[in-house]
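Participant: Quick note, the sequences are listed as chains H and S, same order.
Those letters in the first sequence? Residues 1 to 247, per UniProt numbering, in order.
Those letters in the second sequence? Residues 1 to 247, per UniProt numbering, in order.
No lab work stands behind these hints, which were simulated from the structure alone.
Backbone N, C-alpha and C define an ideal beta-carbon position, used for all residues, glycine too.
A couple of the hints might just be wrong.
[As the list claims (entries may be wrong)] Simulated coverage check for chain S against chain H, where a stretch passes if three residues somewhere in it have a Cβ under 8 Å from a Cβ of chain H:
| hint | stretch |
| --- | --- |
| 1 | 33-39 |
| 2 | 88-99 |
| 3 | 108-122 |
| 4 | 167-175 |
2 protein chains.
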Amino acid sequence: MTHYKLTLAYDGTNFAGYQIQPHQRTVQGVLQKALGKMAKVDSIHIDGSGRTDSGVHALGQVVSFDFPIEIPEQAMLRAMNSLMPLDIEILKAEFAPEDFHARYSAKGKRYMYRVARGRFTDPFNRLYTGHWPYPLDLAKVQIALDDVVGTHDFTSFAASGGVIVNKVRTIYEATVRDDPEHNEVVFEFYGNGFLYNMVRILVATLLEIGSGRRDVHDFLRLYEVKDRQQARGTAPASGLYLKEVYY
Amino acid sequence: MTHYKLTLAYDGTNFAGYQIQPHQRTVQGVLQKALGKMAKVDSIHIDGSGRTDSGVHALGQVVSFDFPIEIPEQAMLRAMNSLMPLDIEILKAEFAPEDFHARYSAKGKRYMYRVARGRFTDPFNRLYTGHWPYPLDLAKVQIALDDVVGTHDFTSFAASGGVIVNKVRTIYEATVRDDPEHNEVVFEFYGNGFLYNMVRILVATLLEIGSGRRDVHDFLRLYEVKDRQQARGTAPASGLYLKEVYY
């Protein structure tokens, strides 16, 4: 057995998310089947760094697996890309130490969220951005982002349905930048872990603050109340990208 | 009756082309139905500047039509966008002189073609570019583009099936530029008219010249032979954009 680490990008639009599910097109399902084809078995189990939902994209998802044949890294890269559909690209294939696990070895993750600012939806970006046509004061968003950085109980920012009890996470970095060329604002969040839908709920709350619909320091209140109903909005999946996983 | 001119952008991916067809989702069909809805009739006939094929995009398609009610330009813009699916955006709505016809009044058109240069297909650009991973000498392409500019018989560059007999067209401008930020090369063609699939065949031939698979002056031979079989390739629809129509 040879242990591998793959880094990949995908357009999440036409996947029912990362995680394998019966009768659905999933990223994990497509990868496991392709590896199975190479090894002439049904399927090779892979471990991903974490799930992404339907419509959520990845610029640097990471998976790890044991493969029965030792194939050089470059040959693995070429072979896998030749078996991939056009909405997945394998960026890198590497040998990994036996104890490397895409999920358990991860020390942190970076997500990006793109928000289109046009008056109407741009047809070419509808699948790759969220959309917020309202006036937005980035200075207010910046003040709120300073409240996001640090170690907090993010209960108010986790969609229900998760089984995770401890909802304390540390955000090392939270930024927003204006991208006037594309008429977008782009958020990035780098932290030790993220709860279900957390980035999308953070972004929705930040946009409401930037448009004056919430107090700039509403995050401090939301950490206290630990109530998902108070944060309300969830920005659409289309704007969200898993950008990098850190090991 | 009030006569209108609309300028619109669309992502051609999920349309069976511009032109209306029974039981198919087309740009013309969607527009005619929306205008019909506003006027409380079944459908309002529109004239487009020309067809685009399935998968071909538009950044500035133009249509004209008579509308039974006089609606201010900005109200027409807002109303139409509120009725559009997310893959069409109305960019401009204007009153037009009665004799304005999107097709017959057009004096020229500009097309753009985006070619992705990466080793593998980028998942996020697969619907919005063609792909040419081979070495490409842009100096050779530039020499060939100088042969494209001017008045020529483009019989070798017209897909069969058209009913047009006169295949002489004038290209005023034909350019290529490197876009290293996106790892693309971008072609533009501005001319008085274009035959069926002409831009896509031009691009395929230019890429073959740039990769040394054809003589740099092969265009001169192809104008002479007037034989579609000699030009062979057709670049994919996904890279093609109707950029502007000139009146």
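Participant: Now tell me, hint by hint, if it's right for this structure.
Facilitator: Results of checking the hints against the structure:
For the stretch 33-39 of chain S, the stated coverage by chain H is violated: 0 residues have a C-beta nearer than 8 Å to a C-beta of that chain, whereas at least 3 were required. Counting residues of the stretch 88-99 of chain S whose CB lies closer than 8 Å to any CB of chain H gives 3, so the stated coverage by that chain holds, three being the minimum. Counting residues of the stretch 108-122 of chain S whose beta carbon lies closer than 8 Å to any beta carbon of chain H gives 3, which reaches the threshold of three, so the coverage claim holds. Three residues within the 8 Å Cβ limit are the bar, and the stretch 167-175 of chain S against chain H gives 0, so the coverage statement is violated.
Consistency with the previously given hints fails for numbers 1, 4, ordered from lowest to highest.
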